[in-house]
Amino acid sequence: MIPMRQDVKKICNLLKQYAKLKRDLTAFNQVSSPSFDGVSSHSSRNGTESRLINHVDLSYQLKEVEDALNAIDDPQYQFILHDYIIEKRFSRNEACEQLSVSTSKFNYLKNRALEQLKIGLS
1 MIPMRQDVKK ICNLLKQYAK LKRDLTAFNQ VSSPSFDGVS SHSSRNGTES
51 RLINHVDLSY QLKEVEDALN AIDDPQYQFI LHDYIIEKRF SRNEACEQLS
101 VSTSKFNYLK NRALEQLKIG LS
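To convert, note that position 44 of the sequence shown is 44 in this note's numbering; the numbers rise steadily by one, no gaps.
Treat the hints as calculated values from the structure; they're not laboratory data. Nothing here was measured: the structure is a model prediction, and the numbers come from that model. There could be a bad hint or two in this list.
[Said to hold, decoys possible] Calculated pairs, SDA-like style, for lysine to any residue (alpha carbon to alpha carbon, straight line, at most 25 Å):
| id | residue 1 | residue 2 |
| --- | --- | --- |
| 1 | LYS16 | LYS110 |
| 2 | LYS9 | SER104 |
| 3 | LYS20 | LYS110 |
| 4 | LYS22 | ALA71 |
| 5 | LYS118 | ASN13 |
| 6 | LYS88 | VAL101 |
| 7 | LYS110 | SER100 |
| 8 | LYS88 | LEU25 |
Given only the sequences and the hints, what does the whole structure look like? Please build it.
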């Protein structure tokens, strides 16, 4: 069994990658549609297949995280996960002010929010 601290760090890192996944998927969607006219070379089709597989994989990963985030009802947890960790809109001190809590209470709430997300991703 992985100690809780490592689990929390793992989930926190996943959220930090979430925004990157969204950017990657947006960039992929902006690429022009591949041609399936049968004239393309074999290597082109393999590249197209790889891009499509990558797109599906990124979409699945994003949906999995979004579903887990949407399942969290507590507005404080949502604020911490979305505005503080994913979007990085606030520093820790600013987030504490927004929630009207001490730093130690904020850390407790952040860990609880990450634990709830972990459960949603299980």
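Given hint LEU25 paired with LYS88 - CA-CA distance at most 25 Å: With Cα atoms ~20 Å apart, LYS88 and LEU25 stay inside 25 Å; holds.
25 Å limit on alpha-carbon distance, applied to hinted pair LYS118 and ASN13: It holds: about 12 Å lies between the C-alpha atoms, which stays within 25 Å.
LYS20 paired with LYS110 [C-alpha distance capped at 25 Å]: Roughly 21 Å between the alpha carbons, so the hint for LYS20 and LYS110 holds.
Hint consistency between LYS88 and VAL101 [alpha-carbon to alpha-carbon, up to 25 Å]: Cα-Cα ~18 Å, so holds.
Proposed proximity, SER104 with LYS9 (alpha carbon, max 25 Å): holds (17 Å)
25 Å limit on alpha-carbon distance, applied to hinted pair LYS110 and SER100: holds (14 Å)
Restraint check for LYS16 with LYS110, where alpha carbons must lie at most 25 Å apart: Since the Cα atoms of LYS16 and LYS110 sit roughly 14 Å apart, the hinted pair holds (cutoff 25 Å).
Holds or violated: LYS22 to ALA71, with C-alpha atoms at most 25 Å apart: holds (19 Å)
When held up to the earlier numbered hints, the structure conflicts with none and fits them all.
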